[in-house]
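Participant: Each chain, letter by letter, is given below.
2 protein chains.
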Amino acid sequence: MAKEYVFCVLKFLLLLLQLVFLIHEADSASVVKFLPGFEGPLPFELETGYIGVGEEEEVQLFYYFIKSERNPKEDPLLLWLSGGPGCSSISGLLFENGPLTMKLDVYNGTLPSLLSTTYSWTKISSIIFLDQPVGTGFSYSRTSLDNKPSDSGEAKRIHEFLQKWLGKHQEFTSNPFYAAGDSYSGMIVPALVQEISRGNYQCCNPPINLQGYMLGNPVTEHNGVNYRIPYAHGMAFISDELYESLKRVCKGEYANVDSRNTECLKLLEEYNKCTDRITLFIIQYPLCETETPNCYIYRYLLSTYWANDKTVRKALQINEESIGEWIRCYRDIPYNHDIVSSVPYHKNNSISGYRSLIFSGDHDMAVPYLGTQAWIRSLNYSIVDDWRPWMIKDQIAGKVGTRQSINQRKALSCSKGGSMANLCRRVN
Amino acid sequence: MAKEYVFCVLKFLLLLLQLVFLIHEADSASVVKFLPGFEGPLPFELETGYIGVGEEEEVQLFYYFIKSERNPKEDPLLLWLSGGPGCSSISGLLFENGPLTMKLDVYNGTLPSLLSTTYSWTKISSIIFLDQPVGTGFSYSRTSLDNKPSDSGEAKRIHEFLQKWLGKHQEFTSNPFYAAGDSYSGMIVPALVQEISRGNYQCCNPPINLQGYMLGNPVTEHNGVNYRIPYAHGMAFISDELYESLKRVCKGEYANVDSRNTECLKLLEEYNKCTDRITLFIIQYPLCETETPNCYIYRYLLSTYWANDKTVRKALQINEESIGEWIRCYRDIPYNHDIVSSVPYHKNNSISGYRSLIFSGDHDMAVPYLGTQAWIRSLNYSIVDDWRPWMIKDQIAGKVGTRQSINQRKALSCSKGGSMANLCRRVN
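Chains as they are written, first to last, in my numbering: chain R, 2 to 429; chain E, 2 to 429.
Next comes chain R alone, as it looks inside the complex (with noise of 0.2 Å):
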């Protein structure tokens, strides 16, 4: 009886234990001064680690918060985004606007280096870049999930990611706080934007100093590919015939096509020809192999070399237990979509009087400007200022046009711009 009474204290102690444990592994956050790859201490400041959210905070969410360089104290707080879903948030802060990027050598079997940016978005603003749904970059999932991640739950995940990650960072809550990410993306930002204005009047937690959103060429509806054929039209990819032929025999709907309709098959099948030999989010670019050094997705072979490598996960703190292979982009990850438009939360969120930027760069065919120009129109706003040359160092870099309700809703596009928002910076 003794014997099982210390038996049982024990056993008590330990599961005690391993909980400490778990949540000491669950909440970690570190300091990270040096990257391996980058020479000298980083010029900013970077934590890493992981936030638990779920029930039994089994959904174990990895992040890179790098604080603004200007003035953290007051400064915006963004939370970025990035697409797939399954596109690790390394994307955005290698290969879009954070204040590191892959450095192009020819791989020589030695770590990839890391080199400074100068147009980083943390120059004037403090950025989590979020490793999400469960499953992409580093994040993982301590127990087997009974639901796949979906939209509306991300959503929710994110907004609970947030509130701990706040609860952690009390210095930042009353900081501006803006949602951004970019192509898919566009289907959660929304939707989290509305999940945490509905939290802030709710008991208990202390809200989120929410003022808007910003979202680069996002995916918004699910019939938003339809508008690749008019874009491709437009940039001179098909001819007038072809594109007549397709509007005629297709009748605008060419991602889901009745597989009776076999004039249009033939039709979209020429379509695929003269289009699938370029890179569809930077159509500047001929599609090539990752490997070969001078193609545009080659920095992704980098990267993947360079967060698989044991010196940097280390750095990054990385749990090496519970995370495999790093893959850049995860393009199979177990994934319900539940949210059809983005449309109805844009609605919503702009009638809340949150303010939202919406760029689209126009040299993107994965999410054409064509589609976002559409569901913006359908919003109905007034146009406040007409589209016009957007300029940096007096070049163009895209075009702007402002579309005005009471909540300010802008619409622009980058000329020079591919589906990631640093592109649109390229002027050169």
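Hints in this document: simulated from the structure, not taken from any laboratory. Treat the hints with care, since some could be wrong.
As the list makes no split between identical chains, a pair holds if one copy fits it or if it spans any two.
In silico EDC-like links for lysine to aspartate or glutamate, alpha-carbon gap of 20 Å or less [to be verified]:
1) K149 to E56
2) K165 to E58
3) K248 to D387
4) K248 to E270
5) K274 to D387
6) K149 to E270
7) K34 to E58
8) K274 to D386
9) K165 to E48
10) K267 to D387
11) K165 to E56
12) K252 to E56
13) K274 to E70
As the structure is a prediction and not an experimental result, all values here were calculated from the model.
Fit chain E to the known structure of chain R by using the hints.
Facilitator: Just chain E now, kept in the frame of chain R:
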């Protein structure tokens, strides 16, 4: 009396000597083995010279002749004309399809360097790069001209030039001959082809072995600029709203607007604001200062330094006494635009059995592919080959569509290219 007689004889001899001197001066031709700025002997055969045309050979046309690097005895002989009117044929030689190009170093006051190219058309054909009309590049007139050069006059002069040139290079009379060029030469080449064709049926001069002609982004009709606006719309430079208003208010006429149509003029101002900061002939580049080394047109400045260098002009055997400053494009050249449309010439040449290849880079807004497509369509040839990607090394270089009469007229477009032929090959 005797004195007078002797004086008269002397005067006659002097005139004769002057005439001999002038003829010598007129029809010079020198083999150039070395060019300042290029290391080592030239890896191809270059001849430069003047041919005098006109009644008294008062018009001295300068040419660069480069022998085919393959089999000059059998390879085609090409005449290449640059546009403008008033642009030196060096534009073709150094920036389009020639075997040399400018090395894009920052100018340090010394002679700019030249490099070999890998894509030169001289690898498979001999090319005469001709400075025309008179006043262009190194071409000049020995007397003040009674009439300004004109489109139809140039067709005649160039024909005369060719006859004389072939008279002095009889080893090339049996080679297949093609006339070619880009931009404004679209107004000259079709008329020249008709002129040569007619001449071949007339007495006394040996016929020219004319096979066909080739044109890149050719100016064809003076209303061709009207296609710039639909093109700018397709390429996302102007908004749908502005485009619809322009169509409605200006009724498709954007070049010669009735000054009373103030609404149209206002819309055109809006259009200009959206497009006046891009390089018209290669829209992916922003407008920038010639003096800026990373500006696309900086190469033009280097070529001006090069062509005005004394050692270069000596090597090219330029008649220093007759030529002032070399200007790459003499925009204000006196000129009479007397051909309104090249379309009738295209029709005639096609009926006469000459082959033509019309290509059009779709990144050129100066002579947009839409206009070229429109006039080719107006010829009502049947389509024998669908619009399809034009592949170079398994990558899309442009789009090809073929329209064929009995004479195989072809139309294709280079997606990566601007108005200048060689740009079509820039895949990466």
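Participant: Could you work out which of the previously given hints the structure breaks and list their numbers from low to high?
Facilitator: Violated hints: 6, 7, 12 and 13; rest satisfied.
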